[in-house]
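S.K.: Given the structure of chain A, go ahead and fit chain B onto it with the hints provided.
2 protein chains.
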Amino acid sequence: MALIVQKYGGTSVADLAKIHNVAERIIRTYQAGNDVVVVLSAMAGETDRLAAMANAATGDKPTPREYDALIATGEQVTVSLMAMVLNSKGFKAKSLLGSQIRIVTDKNHMAARIQKIDADFILSELGKHRIMIVAGFQGVDRKGNITTLGRGGSDTSAVAIAAAIKADYCETFTDVDGVYTTDPNVYDKARKLKKISYDEMLELSAAGAKVLHQRSVELAKLYNVPLYVRSSFNDDEGTLVTREDEDMEKEVVSGITYDRNQAKVGVIHVPDEPGIAGKLFTPFSERSIIVDMIIQNASVDGYTDLTFTIPKKDIKQVEQLLDVVSREVGAERVHIDPDISKVSVVGLGMKSHSGVASKMFTTLAREGINIQMISTSEIKISCVIGAKYTELAVRVLHDAFAMEIGQ
Amino acid sequence: MALIVQKYGGTSVADLAKIHNVAERIIRTYQAGNDVVVVLSAMAGETDRLAAMANAATGDKPTPREYDALIATGEQVTVSLMAMVLNSKGFKAKSLLGSQIRIVTDKNHMAARIQKIDADFILSELGKHRIMIVAGFQGVDRKGNITTLGRGGSDTSAVAIAAAIKADYCETFTDVDGVYTTDPNVYDKARKLKKISYDEMLELSAAGAKVLHQRSVELAKLYNVPLYVRSSFNDDEGTLVTREDEDMEKEVVSGITYDRNQAKVGVIHVPDEPGIAGKLFTPFSERSIIVDMIIQNASVDGYTDLTFTIPKKDIKQVEQLLDVVSREVGAERVHIDPDISKVSVVGLGMKSHSGVASKMFTTLAREGINIQMISTSEIKISCVIGAKYTELAVRVLHDAFAMEIGQ
Chain A
13 MALIVQKYGG
23 TSVADLAKIH
33 NVAERIIRTY
43 QAGNDVVVVL
53 SAMAGETDRL
63 AAMANAATGD
73 KPTPREYDAL
83 IATGEQVTVS
93 LMAMVLNSKG
103 FKAKSLLGSQ
113 IRIVTDKNHM
123 AARIQKIDAD
133 FILSELGKHR
143 IMIVAGFQGV
153 DRKGNITTLG
163 RGGSDTSAVA
173 IAAAIKADYC
183 ETFTDVDGVY
193 TTDPNVYDKA
203 RKLKKISYDE
213 MLELSAAGAK
223 VLHQRSVELA
233 KLYNVPLYVR
243 SSFNDDEGTL
253 VTREDEDMEK
263 EVVSGITYDR
273 NQAKVGVIHV
283 PDEPGIAGKL
293 FTPFSERSII
303 VDMIIQNASV
313 DGYTDLTFTI
323 PKKDIKQVEQ
333 LLDVVSREVG
343 AERVHIDPDI
353 SKVSVVGLGM
363 KSHSGVASKM
373 FTTLAREGIN
383 IQMISTSEIK
393 ISCVIGAKYT
403 ELAVRVLHDA
413 FAMEIGQ
Chain B
13 MALIVQKYGG
23 TSVADLAKIH
33 NVAERIIRTY
43 QAGNDVVVVL
53 SAMAGETDRL
63 AAMANAATGD
73 KPTPREYDAL
83 IATGEQVTVS
93 LMAMVLNSKG
103 FKAKSLLGSQ
113 IRIVTDKNHM
123 AARIQKIDAD
133 FILSELGKHR
143 IMIVAGFQGV
153 DRKGNITTLG
163 RGGSDTSAVA
173 IAAAIKADYC
183 ETFTDVDGVY
193 TTDPNVYDKA
203 RKLKKISYDE
213 MLELSAAGAK
223 VLHQRSVELA
233 KLYNVPLYVR
243 SSFNDDEGTL
253 VTREDEDMEK
263 EVVSGITYDR
273 NQAKVGVIHV
283 PDEPGIAGKL
293 FTPFSERSII
303 VDMIIQNASV
313 DGYTDLTFTI
323 PKKDIKQVEQ
333 LLDVVSREVG
343 AERVHIDPDI
353 SKVSVVGLGM
363 KSHSGVASKM
373 FTTLAREGIN
383 IQMISTSEIK
393 ISCVIGAKYT
403 ELAVRVLHDA
413 FAMEIGQ
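Here the protein sequences come in this chain order: A and B.
Quick note on the numbering used here: the first sequence kicks off at 13 and runs consecutively.
Quick note on the numbering used here: the second sequence kicks off at 13 and runs consecutively.
It should be emphasised that the hints constitute simulated quantities derived from the structure, not laboratory data.
There could be a bad hint or two in this list.
Identical copies look the same in the list; a pair holds intra-copy or inter-copy alike.
[To be verified] Distance condition first, Cα-Cα at most 16 Å in a straight line; then the derived EDC-like pairs of lysine to aspartate or glutamate:
{"no.": "1", "residue 1": "155", "residue 2": "137"}
{"no.": "2", "residue 1": "207", "residue 2": "257"}
{"no.": "3", "residue 1": "207", "residue 2": "259"}
{"no.": "4", "residue 1": "222", "residue 2": "331"}
{"no.": "5", "residue 1": "101", "residue 2": "72"}
{"no.": "6", "residue 1": "30", "residue 2": "257"}
{"no.": "7", "residue 1": "119", "residue 2": "132"}
{"no.": "8", "residue 1": "363", "residue 2": "257"}
Chain A extracted, bound-state conformation (with noise of 0.2 Å):
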């Protein structure tokens, strides 16, 4: 018997029938004596749909206060189906909005931040053997205004509701049944992993796996809820992400992953004085534009080029916003590539082994794939290639590090 927090994704409840096989998967989990909390997205496409409704209705300019209300009812439609159908199969379950169960988030629109959830109030609930369905996504700040947490919101609230019960463990439902060693739609050598550590899943995560979003990974690391990767379309174990141990540390490398969404911006021959990369970057920053990898050369003559990648979809943004700060810097010019791509090698055991680094490199160096530019973290190594090269890189690189790769 068990205290678990299960969260359905957009595709598990995508429809009347989906609704009810999770139904029936939640009463599996309930039958077999365990205390339930439900946290559930929207149905596939409800978000964009309403998304595009407030756009349309408001030339792309949605006040935020107003495009959180609209949105937090595509869960609202799914925990009230789902609580219903649960009761029409004769068991007691009940639905929650973020503001019956007092999410209480920042006032933050669109992105907020959650501060505090009641967790005596669910746990009381669950005290009358109740199912508790919950929106995810969504919560209210201090005076009663619905929020939204912004992008991978609703596994971030599935976790923190798992912190703040002191759940035995977080499961996430999605339409892949786990995590994988690299994309298996890019490689069919791709193998579940039966456990990965937080950083490693934060570094994939950051590197562009998309089974997870980093909020909801640094949450649970935070708060040492284990959380599974599951499918909601099959009974497959699925992977557990939890605090990293022995095992994970006789591994070399975790995972291949790759991302298709950067593009390189090349500022050429700037003066290399004190202060030109503040001047360069406080601007991307105002306009929250994230800038990824920034690599500075050695000055020659006093000048340096600097390299750095930012989301493709603010090129357009970028391009304007360079055109007068790098004649402000004295720069000779600057170069956009949208045609890059990341690749990148995860895993927790490059901490105490050496030669993760030059076996990439080498790698890809064998196939004629020319590097441009390269990052490293404590547990992983990125290397920025030419975009038509990103399946060969996944291909060799996973080929590579086969020996070591997802025991």
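M.R.: What follows is chain B alone, placed relative to chain A:
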């Protein structure tokens, strides 16, 4: 400068173009120097779509609590869209749900009654020069569960808010531009009334006119809220529903209305003993079947016939019920006739004018229309006739009372 509550029905906010039109009307009202509280219904068809989903998901047995949480999203969508549209046009507006404005109701889901509205909150928000956009049809019980008010709920919300904040008047905008002497679709000589009393409007609504729901009129009468019925598609004056005054009493008849949704039930040759009617009708009220006109013939040899009308949609249930009950009370047989219609003449003037009833009966007789049942109130006479005569009856009665009708 006035304090005005405006209510827009589902057809007035059926799509984004119509929402923009309504926004313009709200802005005109606001710019004329008024404080405006707007109450909205869900987009036309949306409540039905959600209800169908709930029924499909549960085999027509949705839990009332979850049903309310589900269909309340319909109004949440329109109020947040309207508020963001007004914001995008440069006006301070704010959407408020039943739970936020705290429209507190009893816990009778799907047909809740309003118990309390936080007028101070609304007035303090208005004090900040905001336009308030309130979700109609919904409230919360004292435990924070979402409730809905049942049929005509948004009209009721609007009038209740107008009463709570002591608004100067309440306007309800629909797809018709006022209250007519009869249904213009049935008779092109129908005229729009400038003014009508609460009591007449109540009788018209009860007798089948669909322009305002009875509950909202009752509430308006109780709190003496002047109520304008207007079209959101033009700038016509509409009809004012208000306290009766001298002008009104000069009129004998204010409207002819009809109701095709009734069926006639005859329970034939019942022993005329005390308690028979109770035995017969208790099972009806237990199942919330509304029995309208009830007529008991004079007793002959200790036996009598009971005739009454029920909503057509309940025929099946009534048949099953009477199968049992008619035997219990010793009736000879039961006869159900769905091919009937109720035609009514309504007018304050009846109180002081005699001859309305006889004029109604002779007018119908002249056309060979047989009257099957008659019921009267202080200001209404209703006759049950064969369904096929409905339009004819409406026209000849409208002509017969033409001199007195709708000044």
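S.K.: If a hint holds in the structure, say so; if it doesn't, say that too.
M.R.: We went through each hint and held it up to the structure:
1. 155 to 137: between (24 Å within a copy, 13 Å between copies)
2. 207 to 257: within (10 Å within a copy, 81 Å between copies)
3. 207 to 259: Within. Shortest intra-copy distance 9 Å satisfies the 16 Å Cα cut-off; inter-copy 84 Å does not.
4. 222 to 331: neither (28 Å within a copy, 59 Å between copies)
5. 101 to 72: between (43 Å within a copy, 13 Å between copies)
6. 30 to 257: neither (36 Å within a copy, 60 Å between copies)
7. 119 to 132: Neither, since 23 Å and 24 Å both go past 16 Å.
8. 363 to 257: So residue 363 and residue 257 pass the 16 Å test inside one copy only (13 Å; across, 90 Å).
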